[in-house]
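> Chains as they are written, first to last, in the numbering used here: chain A, 17 to 110; chain B, 3 to 188; chain C, -16 to 950; chain D, 7 to 422.
Hint data in this document are derived by calculation from the structure and do not stem from the laboratory. Treat the hints loosely; a few may be bogus.
[What the hints assert, rightly or not] Computed list of lysine-lysine pairs in BS3-like fashion (alpha-carbon distance at most 25 angstroms, straight line):
no.: 1; chain 1: D; residue 1: K70; chain 2: C; residue 2: K486
no.: 2; chain 1: D; residue 1: K406; chain 2: C; residue 2: K835
no.: 3; chain 1: D; residue 1: K23; chain 2: C; residue 2: K486
no.: 4; chain 1: C; residue 1: K110; chain 2: D; residue 2: K103
no.: 5; chain 1: C; residue 1: K835; chain 2: A; residue 2: K110
no.: 6; chain 1: D; residue 1: K223; chain 2: D; residue 2: K70
no.: 7; chain 1: D; residue 1: K272; chain 2: C; residue 2: K121
no.: 8; chain 1: C; residue 1: K466; chain 2: D; residue 2: K26
no.: 9; chain 1: C; residue 1: K116; chain 2: D; residue 2: K103
no.: 10; chain 1: D; residue 1: K394; chain 2: C; residue 2: K910
no.: 11; chain 1: D; residue 1: K406; chain 2: C; residue 2: K910
no.: 12; chain 1: D; residue 1: K406; chain 2: C; residue 2: K830
no.: 13; chain 1: C; residue 1: K729; chain 2: C; residue 2: K609
no.: 14; chain 1: C; residue 1: K834; chain 2: C; residue 2: K648
no.: 15; chain 1: C; residue 1: K648; chain 2: B; residue 2: K98
[What the hints assert, rightly or not] To give an idea of the interface, some chain B residues facing chain A are shown, with a C-beta separation under 7 angstroms as derived from the structure:
no.: 16; residue: A62
no.: 17; residue: A63
no.: 18; residue: A77
no.: 19; residue: N133
no.: 20; residue: R146
no.: 21; residue: V148
no.: 22; residue: G153
Just so you know, even glycine gets a beta-carbon here, dropped at the ideal spot from N, CA and C.
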Amino acid sequence: MIIHHPILGPRDAQEFVYLGDAALMNRPDGMTAGIEEFHDWLYNRDNPAGEHQELWYHEQGDRSWLVVTRNTVTHEITKVELARDVARSKGRSK
Amino acid sequence: MAELQAMTALGARQAAVAVVGPVTITERFDVALASVAARRGRMAELEGAAKAAGVPLPEAARYTGGTPYSAFWVAPEMWFVEAPHATHELIADQLKAAVGNAASVTEQTDAWVVFDLAAPDLAPLMERLCNVDFPAAPDGFASRTVIEHMGCYLIRHGRGQVRIYGARSSAQSLLHALEVAAAAAW
Amino acid sequence: MTQSNRISGGQIDRSKTLRFTFDGITYQGHPGDTLASALLANGVRLMGRSFKYHRPRGPLTSGSEEPNALVELRTGGRQEPNTRATVAELFDGLTANSQNRWPSLRFDAMGVNDRLSTFFAAGFYYKTFMWPKTFWEKLYEPIIRRAAGLGSVTREEDPDEYDKGFLHCDLLVIGAGPTGLMAALTAGRSGKRVILADEDFRMGGRLNAETHAVGGQAGADWAAGVVAELASMPNVRLMTRTTVIGAFDHGVYGAVERVSDHLPTPAPGKPRQVLWRIYSGRAILAGGATERPIAFENNDRPGIMLAGALRAYANRWGVKVGERVAVFTNNDDGLRTADDLRAKGVEVVAVIDSRQGEEVIDTSGRLGLKSITVRDGKGRTREIAVEALGVSGGWNPNVNIHSHHRSRPVYDPTIAAFVPGAEGPPGLLVAGAASGALSTHAALRTGRDAAVEALGLTGAAELPEAEDAPVRVKALWHVNHGKGRAWVDQQNDVTVKDVKLAKQENFTSVEHLKRYTTLGMATDQGKTSNVIGLAIMAELTGRSIPETGTTIYRPPYTPVAMGALAGRSRGKEFKPFRLTPSHHWAAEQGAVFVEVGMWLRTQWVPKAGETEWRQSVDREVLATRKSVGICDVTTLGKIDIQGTDAGAFLDRVYANTFSSLAVGKCRYGLMLREDGIVFDDGTTARMGENEYVMTTTTANAVTVFRHLEYCRQVLWPDMDVQLISTTEAWAQFSVAGPNARKLLQKVVDQDISDAAFPYMGAGNITVCGGMRARLFRISFSGELAYEIAVPTRYGDALLREMLARGAEFDPIVYGTEALGVMRIEKGHVAGGELNGQSTALNMGLGKMVSKKKDSIGMVLSQREGLVDPDGYRLVGVKPVDANGRISAGSHLLEKGAAVVAANDGGWLTSKVYSPHIGCDIALGYLKAGDRKIGQRMRAVNLLIGQDTEVEIVSPHFFDPEGERLRG
Amino acid sequence: MRYSGFRVIAEALTGHKGWKPVWRDPAPQPEYDYIIIGGGGHGLATAYYLAKEFGQARIAVLEKGYLGGGNVGRNTTIIRSNYLLDGNEPFYEFSLKLWEGLEQDFNYNAMVSQRGIINLIHTDAQRDAFTRRGNAMRLHGADAELLSREQVRQMYPWLNFDNARFPIKGALMQRRGGTVRHDAVAWGYARGADLRGVDLIQNCEVTGMRIENGRIKGVETTRGFIGAKKVGVAVAGSSSKVMAYAGMRLPIESHVLQAFVSEGLKPLIDGVMTFGAGHFYVSQSDKGGLVFGGDIDGYNSYAQRGNLPVIEDVAEGGMALMPAIGRVRLLRTWGGIMDMSMDGSPFIDKTPVEGLYFNGGWCYGGFKATPASGWCFAHLMARDEPHKTATAYRLDRFLKGRMIDEKGQGAQPNLH
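Construct the entire structure; sequences and hints are all you get.
Here it is in C-alpha cells:
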C-alpha cells in the first residue's frame, strides 16, 4: 500500500506502523471519566466494512502520526492528515 | 582536549574506505551532528536565530549545504545540522548558544555512522538498496528510508554522490549491505 | 543422439551446440531452445508422470502454464524440483532428471495406481482409512505421504544469492507480445518512464511462434525491430526473463527477474534471481491468452499437446513433435497449426474439426501416442496412426493479474472464454488477447490505445498491417463417449468422471468442485483446466457458465522461488546486528555474546581456567559485590525529552510523578499501558529546568519512543515537548560495587563524593581531562553504583581507562548473566516480570500509581479483576534445601496438593544461582503472595521432573534496607 | 449412508453409482428453534452438536456463500492445545480431545494427523516462558515436552543450526498436535448435521435481525424472513457486521491473515514447526505442499487479500530457518479475514438480546478450536449456561479487567 503523506507525498505503507481506529485519539480525561467510559473508548470498535479513519505512524520516516481515511474493503485511501492537526480540530490541546 | 582515543563505528582508528566496482564507499568520521527542534510556537524565533548563525533550515525532505553548517529536514520543525567535527565537536553547545530557548538541541554525532557513496551513476545501486525513486529525486533530496531492515537517512548530493546515515551500532551490517548490493548491481 | 526431429527455421542459434543430460542420457540442443524443445528435437516425448495415477506424460504446452513436463533441474544444493521443461532455458551442461517415478520414468512401479484408478475416485480418502483409529498416522498416512508430492527437495543449503530492489515508472507493461510491444512503443515514444516485463527470454510473445506477417515482415522480425527501438530509449527499461507475479495495492507490482537461471552458475557476486517491487500508478496487462485443451478419453498421452504449442515448437524452435500429426480443434486457430506444419513439411494426416461433427474419442500408446480414434458425424469411427496430436479448445485470456484484487472475470460466449471483469486493480488496464482481443491487429490496436489512455497521450502512432481474423469457435469442453477417463486437470489426474462424481455428491459450487476433486490445485493452478472443469459442472447442473463462475485468482501468477522472496535476509544476515561500544574490547577478551533483540551483548567474560559458564558468572558477581564491576548498558533506550511542558508530559506518561523532580536528580519511573498493565520501566533524570533524559528497557526502546510521539502529537498536541532518541549517541556503563566511587573518581574530573553527588544524583560532568560525560547515581545491582556515559566513539577508550586507572581495585567487566543475578538478588523486575500481563500491584509497586493526576493507564488499572486482593504478587522463592534446584517457569503449588491446574498458585518468572546466598533463587508471581511470605510450597517443573520444596520470601534477597547503594 | 473401506470398494466395482449427495439443499422453513448464522466450521459444528449431543431439532444453518467457505476453508490446518492461560487451556485441550475421536464420531476421514508440533526456542527468556507454558499445559492434562537443541537436530538436521542469526536452543513440543484436512472438517460436520435433519441453507445471506422487546424473533435474509427462537452468530471475520444488526459494537477488529502453500514436494517436514525468531510456521500437507504462514498484515481489512511485505517477511523467516528451501517455489497465497479481539482470545457468550448468542473473536486460533467451539456454543444455546471449559470467554471481561492475554500485548488487536 502507498500512503500519500501530507508533507512527504507517496510513501510505502511498509515505512509506517499501524495503530487502529482514529477514534482512539478521543481519550477521556482520567480525572473526570471513569472505568466505563475508558473501557468503551479503549476496547469497543465500529470496525466498519468500508470507510475507516485510522492512525498510522511514520516510524521509518518523519515520525508523524497520521490519520488515514481508507476503505477496508477496497483498501482505497481517500484522505491523509497529520494526526496533530486532526487532534487540535477535535479540541485536544494539553 | 581529553586523553580518550576515539574509535570509529567499525571499530577502527581510521575511517574505512571500500571500493566495489565503480562505487567508492567512504566512512565519514569527521562529521559533527545535532538535532534542532523548534519549541512549540517559536518557529519564527528559531528561523531568525538560525539565519543569524548561518544555520540553514531547509524545507521538508531537503538538504541545504553551507559552511560551517549544513542541515537536512528530519521531521516537522526539526532538523539535523552537520558541521566539521574538528571545529564543532561541541556542535550541540554551539547551536544551543545560537538558538537559545527557541529550540531544543541534542547532540547526535555518535548516534550514527556516515557513509559517502560515489560513482558515475548510483541509480543501479540505489534501486537495490531502498524504496527511493532515486533517478527522479532532485539533488539535495533528503529522506529517511530503510536499507535491509535498517533505518537510514539518505541525502542525494548528485546522481553520483550520496550520503547515508545509519545507526552506529549497525555500521558493520550496513556496510556489508552496501557492498553486496554494489557487487550485484554492476 | 542426433536431433532427429529438428526441422528448418526457428529462432535458435544453430551455429552453437549445447550438450545436456536428461535422466543420465546426453542430448544436444541449441541456444534459444528450452529443455522441452530440445528433448522433443531429440525425439523424446516422455518427460514426466502425473501426480495421482503416475500416467506417462509429455509436454502439453510450450509455456509457463505447463502441467505435465515437470523435472528436477540441476543437482546438489541447486536441485530445483517441479521445473517446467517448457520454460527451462537450455544451457551447456544442463542436467535434468524426471521425478515422481520409481524406479525409472519408463517403468514406474506406482503406475499400478492407474490400473486401480477406479478405487481412487475423487475424494475416496474421505470415506475410508478410519479404522482402526490408530492406523491413520501409523500406516495409511505414511504410505500416502510417501506416494504423494512431486519433485524432491535437497536438504542442502541453496548456494545461490537472491536480491531485491525497487523500481518506479509511469507505466508498467506486463507482457511483450504484440500488445505489450505496441503499448511500450507508444508510451516510450512519449518520453514517459516505461518498464516492459516479459517472462520469456525472448520478447515477442506469440509473434515468435506464428508465421503471419506484421507490417509486411515476419512477426518475429517486427518484434525484434520494436525491441531494438525500445532498447535505444533511455526512458524505457526492457526486462526479459521477468515474471510479474502479482498486482498489490495502490500500483505496487511484484516481479521476479531470473538473472542467472540460464547460466550454469551465477557470476561471482551476482544473484540467481531478483524480486523487484515495481511502483507504477499505471499498468497495462498484456499477458496474452492460454490455449485450452478438450477433454476426451486418454487425452493425456505424450505427443498430445495444444495445437498452438505444436505450432510454436515448429515455428519458434524448428521442432516437429512426430512424423505423422493430426489436429483436433473446435476453432479456426487449430487449422493454423495444420497449415504451418504442412508448410514445414510435416505430414498432417488428419484435421478433426468438431464444428464439422467429427471428434477424437480415444487414443492409444502407453508411453507415447500411437493412434487416435475418430468418430465422424454419422457415428462411424476410424483409427488413425499418429505420433502427435494438436488439440485446440479455444483460448482463455490470461485474466489472472487483473483478478488479483478478487475481481471476477465475466464469460464472453463469442470467444467461449472468460474475459476480465469490472473492478480490477485501480490503474491497471488490460489489452490484447488478455482482454479477449485475439487477432494480431486487435492486439496492436488495443495495446496502443491502452498506452494512450493510461498516460493521457494525444495522437497515436500508425499501426502496422496485421491479420485480423475473427474468432470462429464452437465451444466443446469434453467429448461425450464411453466409460473411459477423459482428463480435465492432467497434473492432478482430475477426469470428467470426477467432476460427475462431485456433482452426484452435491459438491456443485465451483469452490467445492475445486476442493473436493483438487481441480486446478496443481503447480499450474489450473491454467489449462479450470474453465473446462467449471463448464462441465455447469453442463451437469443445468446452470449457465456465468452462474457457475470461477474460483479466485491468487498471486503469484507462476510459482516463485522462496529464495527470491527472502532476498538477502538469510543466515547471519537474517537481521542486522547491533554491536555495543565495548564489543571490540569484549571480543578481544574472548567474551561470550548473546542475542538480545538485534543487539549482541556480552553474556559473560571467561577468565583463563574457567570451564563452566557458572564459574565466570559467579566470579563476576562476587567480584562486583566485593569491589567493583563494570557493565555496558548502552543498549538501554535513552530518550532526550525537552520543552517547557516536559515535566507535565512525564507526569502523564509515567504512573508516578516527575514534574516535582529536582534538577540534577533522577527517579525510577513506571510506565503503564492504557489498559493498566505495566508497559516499561526505567530511570529518568532531570538534567535541566526543561530537559529530561529518559531510559527505557532494551526491549522497549522503540515502542516507548513511538508511544511518546503518540502522546505528544495525538493526545496532547499543544504540549511543548520535543523528543529525540540518543540511545546510540552515548556509550553508557554501569559501575557497581563498594569501590565504584573510588574507581570512577580516577576518571571523573569533578568531585563525586557522596556529599557532592548523592544517591539518585544526575549531572553533566567531564572525564579524563575534559571529555564531556554524564553521570547518574543509580543502582540495578543493589550496590553503590553509577552509570557513566560518554560520546559513543570514546566508549571503548573510557572502558579501558577505567580498567587501567582503577587496577588497584581489581575491577571486572560483567555481562548480562551477572547483571541478572544481581538484579534478582535485589528484587528488581525485568523481562520475566514485565511480561505484558502484570500490573504495578502484581509487582508490589501499586503505590507508585498516583491517583492525584491523570496518567496513561491509571483509570483502567482500577478494574476489579486487576485489584483482586488474592491476585498475583511478586515474591522471592528459594529452595528449603540449599542444594535443591528450581527453574524459571516452574509452577508453585501447596505442599501435598495434587499437581493439577486447580491447585496452581503461580510460577517462577526468573531464576538464577546466587553465589551470595549460595543457592538457586527466583522471583515469581504467587496468588496472594504478599500474605504468603515465610510459607513453604513446592516448585514443580513437570517438563524435567523437578519437584522442590521452596520457601516464599521477600523479593529483596540482598540488602533489603539498601544501605549499600546509599553508602 | 455410512462410509467405509468396503463401501468404497463396492462402489468402485459398480461404477460409483451409489454415492448419495453429502447434504441436501433444502428450502428454508418459515421458522426454526435454532438458527446458526454462518456455515463455516464453527457454525456447522454447532449445528451438528446441537442435534447430536444436545438432542435439539428444527435447526438451520444460514450460509451466505458455500458451506465451509469461511476461515475453515482458508487456514493452515494446525491443531494443538499448547496454551498458557487458565481461561484458554482447558478449552483447547477439550477441543484436541474432540479432534482425536472426530472422524469415527462423524464418519468422515478428515485426516486428523497428530504428527506433533514444536515451537522453537532461540533465547533463554523463551525457554523460561515455554517452561511456564509447558507446565501449565501439563497441569491441565495436556501433553508437553521440552526438547534440547540436539533433540531438535535429530528431528530436522537440515534446519539452520550452524549459521543462524538466532540459533535454535531447543523447543517446546506437543506430540498430540498436528494437522487436519481443513475442508473435510466442514464437510464432515455438514454431512453429519444434514443426516440429523439440520437444514443447511447455502447462498442465504442474513441482512438483518428482528428483535422485539429485547428478544430475538428471527432474521431477515436474502431468501426472506426466517423466524427463530434462538439465533447463534458464528461468522468470524464478519462478526462486527452481523452483530451491528443487533445494535452491538464489539471489542473486535477485522484483519487479513495471509497463508501460503508451496508446490508439491516429496516428504520434507513431518510435523508442525514454528520459528521463534521470526514470523514463520510450517507443516507439509499429505499432498506434499509446504503449508506456511506468519503475521497478519496488521491493518483493518475485509479484503481477503494481503500485500507483498508480509509475503516477504514470511519467506525471510522460512529461509532463515530452512536454508534448503531457496529453490522451493511458493505456489499460492491467500487471505482470510480474522476477528482480532482485544486480548487475542475468543468469545462464546450470551448477548444483551434474549435468545441471541455470539461466537467469535477467534483471531487466528479458530480452526483448531472448531470442535470445542461448536460443542460449547451448542451447550450455551441449548442450556443457557456456558460449558465448563468456556466460562472465561465473556464479552464483559474487559470491563471487569479479566483479560485472557496470552501474548501480553494489551488492547491492540493487530499485535495478538
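> Given R146(B) as an interface hint, is its Cβ closer than 7 angstroms to any Cβ of chain A?
Hint holds; R146(B) Cβ to chain A Cβ min 5 angstroms, cut 7 angstroms.
> For the pair supplied as a hint, K406(D) and K830(C), is the alpha-carbon distance within the 25 angstroms limit?
Status holds; Cα separation ~21 angstroms.
> Mind checking the alpha carbons of K834(C) and K648(C) for me, to see if they're no more than 25 angstroms apart?
Distance of about 23 angstroms is within 25 angstroms: holds.
> For the pair we were handed, K406(D) and K835(C), check the Cα-Cα distance against 25 angstroms.
23 angstroms, holds
> Taking the least C-beta to C-beta distance, is N133(B) closer than 7 angstroms to chain A?
Where the cut-off is 7 angstroms and the nearest Cβ of chain A is about 5 angstroms from N133(B), the hint holds.
> Sort out whether K910(C) lies within 25 angstroms of K394(D), counting only the CA atoms.
22 angstroms, holds
> Verify the proposed pairing of K116(C) with K103(D), using a straight-line Cα cut of 25 angstroms.
14 angstroms, holds
> Please verify that hint: V148(B), Cβ, nearest Cβ of chain A, below 7 angstroms or not.
Check passed: Cβ of V148(B) comes within 5 angstroms of chain A, closer than 7 angstroms.
> With 7 angstroms as the cut and Cβ atoms as the points, is G153(B) at the interface with chain A?
Status holds, d = 5 angstroms.
> Decide if the proposed pair is consistent with the structure: K223(D) and K70(D), CA atoms, cutoff 25 angstroms inclusive.
Holds. K223(D) to K70(D) sits at ~20 angstroms (cutoff 25 angstroms).
> Are the Cα positions of K729(C) and K609(C) separated by 25 angstroms at most?
The given pair, whose Cα atoms are some 19 angstroms apart, holds under the 25 angstroms limit.
> Minimum Cβ distance from A63(B) to chain A below 7 angstroms?
6 angstroms, holds
The structure is consistent with each of the numbered hints, conforming to all of them.
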